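Asker: Given next are the chains, with one letter for each unit.
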Amino acid sequence: MGYVAIADRDHEVEHHDPQTFITKYIWSQDHKVIAIQYGLTAIFVGLIALGLSAMMRLQLGFPDSFSFINPENYYQFVTMHGMIMVIYLLTALFLGGFGNYLIPLMVGSRDMVFPFLNMLSYWVYLVSVIILLISFFVPGGSTGAGWTLYPPQAILPGTPGVEWGILLMLASLGVFIIAFTMGGLNYVTTVLQARCRGMTLMRMPLSVWGIFIATILGLLAFPALLVSAIMMLLDKTMATSFFMPAISSMGVDPGHTGGSPILFQHLFWFFGHPEVYIVALPAFGIVSDLLSTHARKNIFGYRMMVWAIIAIGGLSFVVWAHHMYVSGMNPYFGFFFATTTLIIAVPTALKVYNWVFTLWEGNIHLRVPMLFAIGFVFTFIHGGLTGLFLGNVTIDLPLSDTYFVVAHFHMVMGVSPVLVVFGAIYHWWPKITGRMYSEKLGKWHFWMTFLGTYSIYLPMHYLGFAGVPRRYFAMGNTDFMPASAQDLNAFITMAALFVAVTQILFFVNVIWSLRKGPKADPNPWDATTLEWQTPDTPPKHGNWGHELPECHRWAYDYSVPGYKDDFIPQNVPAEDAPVGRQHGVEEH
Amino acid sequence: MEIGLIVLATMLAMLLGWLLKQSFNTTPWIAEAVEESAYQAPFNARPKLVALTTFLAVATSFFALILSAYSLRMELGDWVPMTEPSILWTNTVLLILASVVFQWTRNHAVNGNADRIKPGLLLTGALTTAFLAGQWLAWQELNASGQYLTVNPSNAFFFLLTGLHGLHILGGMYVWARATVRTFGGQEMDVVKHSVELCTIYWHFLLLVWLVLFGLMLST
Numbered sequence: 001m002g003y004v005a006i007a008d009r010d011h012e013v014e015h016h017d018p019q020t021f022i023t024k025y026i027w028s029q030d031h032k033v034i035a036i037q038y039g040l041t042a043i044f045v046g047l048i049a050l051g052l053s054a055m056m057r058l059q060l061g062f063p064d065s066f067s068f069i070n071p072e073n074y075y076q077f078v079t080m081h082g083m084i085m086v087i088y089l090l091t092a093l094f095l096g097g098f099g100n101y102l103i104p105l106m107v108g109s110r111d112m113v114f115p116f117l118n119m120l121s122y123w124v125y126l127v128s129v130i131i132l133l134i135s136f137f138v139p140g141g142s143t144g145a146g147w148t149l150y151p152p153q154a155i156l157p158g159t160p161g162v163e164w165g166i167l168l169m170l171a172s173l174g175v176f177i178i179a180f181t182m183g184g185l186n187y188v189t190t191v192l193q194a195r196c197r198g199m200t201l202m203r204m205p206l207s208v209w210g211i212f213i214a215t216i217l218g219l220l221a222f223p224a225l226l227v228s229a230i231m232m233l234l235d236k237t238m239a240t241s242f243f244m245p246a247i248s249s250m251g252v253d254p255g256h257t258g259g260s261p262i263l264f265q266h267l268f269w270f271f272g273h274p275e276v277y278i279v280a281l282p283a284f285g286i287v288s289d290l291l292s293t294h295a296r297k298n299i300f301g302y303r304m305m306v307w308a309i310i311a312i313g314g315l316s317f318v319v320w321a322h323h324m325y326v327s328g329m330n331p332y333f334g335f336f337f338a339t340t341t342l343i344i345a346v347p348t349a350l351k352v353y354n355w356v357f358t359l360w361e362g363n364i365h366l367r368v369p370m371l372f373a374i375g376f377v378f379t380f381i382h383g384g385l386t387g388l389f390l391g392n393v394t395i396d397l398p399l400s401d402t403y404f405v406v407a408h409f410h411m412v413m414g415v416s417p418v419l420v421v422f423g424a425i426y427h428w429w430p431k432i433t434g435r436m437y438s439e440k441l442g443k444w445h446f447w448m449t450f451l452g453t454y455s456i457y458l459p460m461h462y463l464g465f466a467g468v469p470r471r472y473f474a475m476g477n478t479d480f481m482p483a484s485a486q487d488l489n490a491f492i493t494m495a496a497l498f499v500a501v502t503q504i505l506f507f508v509n510v511i512w513s514l515r516k517g518p519k520a521d522p523n524p525w526d527a528t529t530l531e532w533q534t535p536d537t538p539p540k541h542g543n544w545g546h547e548l549p550e551c552h553r554w555a556y557d558y559s560v561p562g563y564k565d566d567f568i569p570q571n572v573p574a575e576d577a578p579v580g581r582q583h584g585v586e587e588h
Numbered sequence: 001m002e003i004g005l006i007v008l009a010t011m012l013a014m015l016l017g018w019l020l021k022q023s024f025n026t027t028p029w030i031a032e033a034v035e036e037s038a039y040q041a042p043f044n045a046r047p048k049l050v051a052l053t054t055f056l057a058v059a060t061s062f063f064a065l066i067l068s069a070y071s072l073r074m075e076l077g078d079w080v081p082m083t084e085p086s087i088l089w090t091n092t093v094l095l096i097l098a099s100v101v102f103q104w105t106r107n108h109a110v111n112g113n114a115d116r117i118k119p120g121l122l123l124t125g126a127l128t129t130a131f132l133a134g135q136w137l138a139w140q141e142l143n144a145s146g147q148y149l150t151v152n153p154s155n156a157f158f159f160l161l162t163g164l165h166g167l168h169i170l171g172g173m174y175v176w177a178r179a180t181v182r183t184f185g186g187q188e189m190d191v192v193k194h195s196v197e198l199c200t201i202y203w204h205f206l207l208l209v210w211l212v213l214f215g216l217m218l219s220t
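These protein sequence lines are chains A and B, in that order. Residues 1 to 588 (my numbering) make up the first sequence, in order. Residues 1 to 220 (my numbering) make up the second sequence, in order.
Just so you know, not all the hints are guaranteed correct.
Unchecked claim - Now the in silico label distances, taken between C-beta atoms and shown as ranges:
1. 84/B / 24/A: 37 to 45 Å
2. 90/B / 258/A: 28 to 36 Å
3. 145/B / 63/A: 52 to 60 Å
4. 24/B / 349/A: 18 to 26 Å
5. 389/A / 133/B: 54 to 62 Å
6. 175/B / 349/A: 44 to 52 Å
7. 90/B / 23/A: 47 to 55 Å
To be verified - Straight-line Cα separation of at most 30 Å, BS3-like style, residue types lysine-lysine; simulated pairs:
8. 48/B / 24/A
9. 193/B / 118/B
10. 48/B / 118/B
11. 564/A / 519/A
12. 118/B / 540/A
Rather than coming from a laboratory, the hints here were simulated on the basis of the structure. None of the values given here were measured: they were computed from a predicted structure. Even glycine gets a Cβ: it sits at the ideal position worked out from N, Cα and C.
Hey, can you work out the whole structure from these sequences and the hints?
Answerer: Laid out in structure tokens, this is it:
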């Protein structure tokens, strides 16, 4: 039936093996190559966004010291930094990159169900990135409307990039959504249809669960962004009034009648909040697998973890208006959204407890991926706790426009997912490239990134309490702000530049590993999941050679009492696992 | 936003409910043989059907959100209801006929009557093209009578909704063209049957979307 149709297509391995450089690396339909293409493109734009944040920090730390930063391009930096990081880096990297690489390997399939569509998805994504990058070079530059692109200011004169930047931004988003939908249809169908024999849904690794549910969220939420982008495009180009109120702009009447900017905010955040979880759920899943593997212990409460992912996915659609408390809403409306927001903390906290319980009495190996995973637990708890403040209307109102919010969302969906991205790259690098990296350099990279980002965002909470407003190009004469706030800002800038520069360590490691790294063991971490059991490292096109794997157990058989090894791979039948006492483990 | 929320909540509840059902009474930590049905695809569907269903969920979310925007925007002061061109009734009949003929073609394809597939496909194609042409005429008619896009938000929504629906139909026509080429190129009956089945579902879906849109625009 369904799974047989795809999973047992043995004959295709020979037929589809790509021969030339072009079919192998450029127009490739292999999910692993597409994943790497997605990953490289996303990291490339991510570096641009990192550069933009450095420019912002230079202005904030040392106001008016740099002649190349004026208010207009400061807002352009802010906007493009946010947009690129959230959508073009994190969404693309987690789903297009890790989703593509891990789903077929982890569920024991030869490829995605629709390889051609998968290839198309990457190339359309690349087009969206190119449109985005072009917007830096058009007259007027890229849009400076803020990453939320709120009308009316987003499309009125006075906002940077109102000539072309905003048009290209909206167009790029539309193209991105098409690319994502093509990829997303693939991920969902592959998880539902192409699992190998014995791989029930409840035997899937949590990475796949996280990516799967995040994809569903994306598929249902991105249409809201598409709708708002189309309507704003019409408001801008055809002078319709979906969002644009009757307004006089610099003495000129642009011809709009009573549209509703709040309508845009609803649509935007209807996408925007699930987007947080589109980024977070894959991170949750991957972290669960990293912690379990490197602690040599089964994940605590696997079913609860799955249910929590599902519950978070469902709840994420009913909390969007907590981004709009300051837009002036009915108090009952605010009360409703505060309640749902706090409810979502329950499954999220459950996950955090389970990660900690997984570590408890584990045989913890502090290798590089494990360091990043534990680092994530810290930053995520931190960002999550400040979320409790901001989820309440009365506390949000005074804090909403301050650096407290910047600190909160960078901890929870900036630093935390990026730590997971690094952890995941270090974890799967040996499988992807077949080579090891320098453990020492990786550890330096971790500690400098982890401590560095804390130095950036921890002080920002204080700035927020002191009332330092976010989004401002310069603070001006504000008596309520102590002079020390400026010193703190200078410190934050130094820390930010430090973190940005230390990322060089990562790239040095990558290049060293690719050129001189020792050959990697097929399963260097003694992991149980299927991707580590492939006949070749890196896996060849078709992944499994002649015979598909068969799944006999869940993904977390670490340190099972009575067995000789401290891990039993998913494809090992019960009768084949070597019995005996594990080294250094006492029988209770 | 209520419309969008209710539609999405229903879809999510169905999917998440199904997922939860898979997870109850399971003991994943015990390594044992599992029944064949436990790792099979839901409802024994084929991959393309699953992908189509997923896409329909995306499109449903898309149209539901526009309708939410419609209902929110309608409540603001400047809304003046637009009089829909009467040609829309003809178009509606055309689209219903296209759907009916597609169903008829599908039934013949399933029963193996290969000779009915070609005329069926051509007829649906013609009816659907006529629908698109009719929608275009409706646009022309509105523009000729001065009812431009910018006159009122209700006009803007009319053009937006018909335009986006038309784009979805065009996408369907691309798949229809591929199915037709396959059929005339003498592809295997099984392949043809499957494409016709999928197209039929998509046509019914777009008919349903159109009926909802048209009904809403008529009543407001």
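Asker: Against this structure, judge whether each hint is valid.
Answerer: Hint check results:
1. 84/B / 24/A: 37 to 45 Å: Taking Cβ atoms as reference, residue 84/B and residue 24/A lie about 55 Å apart, which means the hint is violated.
2. 90/B / 258/A: 28 to 36 Å: With Cβ atoms ~34 Å apart, the hint holds.
3. 145/B / 63/A: 52 to 60 Å: Check passed, 58 Å falls within 52 to 60 Å.
4. 24/B / 349/A: 18 to 26 Å: At roughly 23 Å between Cβ atoms, residue 349/A and residue 24/B fall inside 18 to 26 Å, so the hint holds.
5. 389/A / 133/B: 54 to 62 Å: holds (58 Å)
6. 175/B / 349/A: 44 to 52 Å: With a Cβ separation near 46 Å, residue 175/B and residue 349/A satisfy 44 to 52 Å, so the hint holds.
7. 90/B / 23/A: 47 to 55 Å: Holds, at about 49 Å.
8. 48/B / 24/A: holds (26 Å)
9. 193/B / 118/B: holds (12 Å)
10. 48/B / 118/B: Satisfied, since the Cα-Cα distance of roughly 22 Å is no more than 30 Å.
11. 564/A / 519/A: holds (26 Å)
12. 118/B / 540/A: violated (42 Å)
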